[in-house]
Each structure stands twice: as C-alpha cells, then as structure tokens.
Amino acid sequence: MTVPPPPIDRLSGLLERFPVRAELSFTGTLCGVQSFTPPPGMGYLHLLRRGTLDVTHPPRQAVPLRLHLSAPALLFYPRAIAHHFHNPPIEGADFTCAQLWFEGGPAHPLVRTLPGAIVLSLDEVEGLGASLELLFAETARVRCGHRLLADRLFEVVLIQTLRWLLDHPREAGVPPGLVTGLSDPRLARAIVAMHDAPGEPWSVEQLAVVAGMSRTGFTSQFRQLVGQTPADYLSDWRIGLAQTGLARGSSIKQLASELGYANPSALSRAFAAKTGHSPREWLRGSLPPAPPAH
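The sequence shown begins at 1 in UniProt numbering and counts up one residue at a time.
Be careful, since some hints might not be right.
Derived CB-CB ranges, DEER-like [unchecked claim]:
1. R280 x S235: 16 to 22 Å
2. Q34 x G227: 32 to 38 Å
3. R223 x R152: 37 to 43 Å
By construction, these hints were calculated from the structure, which means they are not laboratory data.
Keep in mind the model is a prediction, meaning the values are calculated, not measured.
The beta carbon of each residue, even a glycine, is placed where N, CA and C say it ideally should be.
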C-alpha cells in the first residue's frame, strides 16, 4: 500500500519572504460615485456586506470594464488598478475595505500572477464566515485597538482567500503562473522546495525527484502550468528575493551568498538580465512606496 506524502504549506514561505500588509481604509455606507486610484505597490480588498454595487474600470486595465455585485461579495485587487464604485444615491451599499501593501510592489510574486480583479461570493470561501463575523464586529464600533485588530483580521481574510485561489484557480480565472503551479500537488512540492531553499543548486533532476515525477513529465507539466521552465522560475524567485533584500538594506555580497550565486558579480549580471538595471540603478529608481508601519 502506497502511503501518500504528507501535506505541505504552500503559502507560509511565500508570504514570509514577500509579506502583504493590510490597513483598514473604510467601513460604512457609500453613496454616489467613489473613486479609488491606488499608487504602485498597493491593492485593495473590499467586502460588500449588503446592498448592490456597480464597479467600473478605465479601459486597458486587463479587467472587465464593468462589474455588477448584487449579493455579499469579496472584491480583491492584487495590484494598483483604478476602479470606481457606483452606489444608489439613497440606500447606498455597506462596505468594509482595506488597502493592501505588497512588499516588492509589482514584482511581488502574487501580484505578477493573479488576475487584476477577483470577485467571490462571501459564502464561497470555505471557513471565511468566522473571520468575517469577527471583522465586521470589530469595525462596527470604535474600541481600543480596533484599527490594529481590523488590520490583522483583514490579513486573515486575505490568507483564506489565497488558500481558496490555490485550490480553485480555474474558477477564479487565474492564468498560468505561480498560483496554478502551486495548485498541482506534485509541482507544489518542487516550488515550495525552491521557495524554502533558494540558495540550493537545484537541478531539474533534483526538482523532479522532489515532485515524484520523471524529468520529462516534470518539465512538461511545469511549463504548462507555470508558464516557464523550472530554471527560469528559480531565477525569477532569486531575483525577486534579491530585490526585497536590497530594499531592506542587505548587501549584494550577502545576497549572492544566500541565493546561490558564485559571487556578487554573478548576481549583478543575473539581476541586470532580469530587470534591465543594475542592483544600484534599481535601488535608486525602482522602489515602490513604503507600506504602513505596524
């Protein structure tokens, strides 16, 4: 009898290295037209508690021009996409909203792979009910520490939403990339191994063994679901970590050692090949806005 491999945590390593911070931005009733124009590196998580809502987006945003919500729903913008709420002028719609700050901004792995806008029914995400009950109770009235607690609860809601997306990428319309790769139980083991030990000299053969697949089958499945080769994915992951490390003040020498490069020059060459800029140029001109401090 074959014993199935133990389950793995597909999210913790990712979010520990590329955090997302939530900040309560609004709770209450919105009437008329409300516009949201987030800066680079910021997204939104809107919770429609009751009422109806029409949402419009400017053209060429890679999202539908118009959305209509008629039941309690979650509206998730992983990246900075302008959107406008059109609410009935009298009844309005009851919302709780949070700004989301993705470390690394547009380079955050989830920002790169998720659709621009995701709409889910509030009763669609398993286990979300208890978190929403706590969140709505906390935002219903001002109490000591309510904003900090609401921020943390929004982050819980976000993690539960990401869990659901990992298990239902097709229903959410997620294109090939990190999320679809993590949705495959075998590929997920290889991807998590790269996430947890980016400095290891991973070969395709080693990753295939971790996934429990043949080299050919692993390479083909990885390219189909992730949209790139395992080597390209590992390179992107390492460069993303280098970017966050630079933003936190780490040196190229330190990062080269941690990420499996022979020397700082090798990391600098790989960095420039991926980003089009040297580490110094990128650090000087490409940093996203800082997230709120907690």
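Cβ separation of R280 and S235, checked against the hinted range 16 to 22 Å:
20 Å, holds
Mind checking the hinted window 37 to 43 Å against the Cβ distance between R223 and R152?
38 Å, holds
So the hint says 32 to 38 Å: do the beta-carbon atoms of Q34 and G227 match that?
35 Å, holds
In terms of the numbered hints stated before, the structure departs from none.
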